[in-house]
Amino acid sequence: MSLVNYATREITCKIVYYGPGRSGKTTNLHYIYGQVPEDRKGKMVSLATQTDRTLFFDFLPLDLGSISGFTTKFQLYTVPGQVYYQATRRLVLQGADGVVFVADSQARQLEENIESFQDLHANLAEQGVDPRTMPIVVQYNKQDLPKELILPVAELSDAINFRGSPEFSADALHGPGVFETLRGISEQVLRRLSAAGASPGTAAGAGTK
Amino acid sequence: MRVDKRTRFDNYVVGSANRLAVAAAHAVSDAPGAVYNPLFIYSSSGLGKTHLTHAIGNQAMARHPDMAIEYVPLEDFVEQLHAAIATGEMDRFKQRYGRVDVLLIDDMQFLTGRRETQSELLRLLNSLQGSKRQIVMTSDRPPAEIADVDERLIQKLSGGLIVDIGVPDYETRVAILRAKCEEKNVTFEPGVIEELARVEFTNIRELQGALNRLVSAQVTDGTLTPAQVNALVGAPEPAPPGSPTAARQDEFFSFLTDIASAVAAGIEPWKVRVGEAVAFWNGEGFRTRPLERLMQEQKAPENWEALVRGFAQAVEQLKELEQQVSAVDPTLGGTELFRDPERLSEAAAFVERALAGAVPPAGPQAAFARATFEESPSNQMAVRAADAVITEPGHRYNPLFLAGPSGVGKTHLLNAIGNELARRGGASYRVACVGAQLFIDELIAALQDGTIERFRARYRAADALLLDDVQFVGGKERTQDELFHVFNHFHAAGKQLVFASDVPPKQIEGLEERLRSRFEGGLVAELNAPDRTLREKLFTRFLAVANVPVTPELLSYLAERSAASVRELIGTVHRLMAAAEQAGAPLTLPIAKLTLEPANGAATSPPSSVRQAADTFFLDDEKIIWEWPDASGRLVEELR
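Protein sequences, first through last, are from chains A and B.
Using this note's numbering, count along the first sequence one by one with no gaps and you end on 276.
Using this note's numbering, count along the second sequence one by one with no gaps and you end on 698.
Calculated directly from the structure, the hints in this document are not laboratory data.
The calculated lysine to any residue pairs, modelled on SDA-like cross-linking and capped at a C-alpha distance of 20 angstroms, are: (1) B:K238 to B:T281; (2) B:K357 to A:R258; (3) A:K108 to B:A318; (4) A:K110 to B:F310.
Full structure from sequences and hints, please.
Structure (structure tokens):
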């Protein structure tokens, strides 16, 4: 996917929320959905099971309107976190312009976080995308939980964020940190407009070209 | 729609939220058209816009009974406008609104997307304002936020005073409730009204609805106490602190602002320009691969502007080519070939082929060779000129105009020039060598079929044009017109033109001056009746070709006899041979004298050898009528 289409004057940005099961990816999208004025958001598509777990993926199109003369659209996706949805995760990851890794701050979830982060790298590599060129930010969600249940950000960062990507602490259920995370990934992705990343054939575009 | 008499200023409660709007409304109704014109009032639903509008109407009516005051919701205005258009009564519609002194329009937000209404409204507002008539409008949002409205209209709407009406505060709510109670003539226990006013209704209609519920409850259940109020009206839950809608959206808009600056920083202006070009030409239906490739460059190539310009030029050329070919044959245009600037040269070649047509104009006849054309003083000038033309086509004598009586060899010389030009020019050199009559016939056919462009293209594609018997174009206006253009094309392109005619240009009847002067602009070379030298040469050759041995005396005798044309000489040869055959002896001077002297001039029937002899002399079918009874006398005749 080419991020900027100068011919049709469109910027289309695909951002994938990745992370272990129950880390709050869909919650992120729901919060954003709630904040966006009616005329700016498309229908949020959510394929969930009876128990509200994401079965396939969530899709939230955001119409940011005309920016510098470019019709700017963001497509936010979540992947299903459960281990056995590997194929779906790969599918959703295809053509992503940026990835938000949503980590669960609960101490007992640390292993899952690390595993999922590695899974992300494996899946990117699988698609011929060099994870070092892919914009990634890390969100430590559920920081609102009692201190005794969660790990502090610094500790999580040491354990998960070995590449030193930009990181945000968040409480996706109530909102703090959600837009900061989205802004963080968006700016990273958009920064690549001027860099080489915008043209097809480079690592970011290789997935769908 | 009439102004509602029940909604006046005296039953409109003024509070801090609407004070400004009410003051403006008073000013406007006291002196319509003098201040705040137009007055634009906006607020969310149910806060009293419509009441205020009617109040203006009522007060203005009271102060200025002679004024025409019209209240119309925008929806009605639109309906009336549509009806007027449908019944063709736009004039009446315009007249009706044109004489209104105070125009009150409600619900302007419905303008969205109604272009026709917008332009009619703009016109109306201009005319009303121009004659100092008052306009009052209301909407649920300020003018600039009404989506999809003509910029000029927005400016017009915003040109006077824009005031908003806010949500009434507690005190105002109490005042409103008291006024309503007075109006309905009901009374409540002390504290009930105040309790109801504490509920934060977002609009007055809800407040009124709640009051009505209390009234009906009081009627059925007896006197109410303040404690019952909340249960009865089902007061809305207090909004969560700190997150009113506006504040919530701020989060999104601040995100949007940040994104905007990130995008602005990332966009490359040159790519935007190239992208514009791609979008434009794609929209026009052209392939834009070169530009698309250009956009994939990491950095702006130095010559990117030139590349974009070059692309535009190529597109223009394609359009031109397509136009040309479509004029000849509309089915040839509209193909993919003319949509792809990368295939410009291919398209150009295609058009050239198409224009040239499958059948090029006729070439020279091979039988008329330059080598068999004999030169003598009678035709010397023409022959030398012809040779000059052959060596330097288009340079020495252009056009070369061969004039001379019938049968002196104009056609031969013309075709000889053609043959030599074709031989020297090589395979790609195309010589068009036709009789003027054929030219005319083809032109007429082309006019009939509507393929005149193809006709022109066929001839213009030639490298040299040789036109025989050009005297036939005399009096034919359309032919001369075409010939004129063809002439100019050839002359301008430095391509050789040769004409042959039985008279010089001056004497061609009905020849337009513009053509005459052009014909004379090169060299007019005359061919005269064959002189003695030529006659001798020709007889020698003709008889040798026919394998007839000839004595010098006979030759001298024959050459002495004058002849008007070469054709006559050929006729003589044929008669002599026929006579010799009849006599069963070789041709001798006596037989010749016997045959040619007037006393013995009786024509003889044509012998079988005529055909063979003629065949030897002339390979040109067109010039010979084979089965003529007395062919020896009149063997050679021009068909045309």
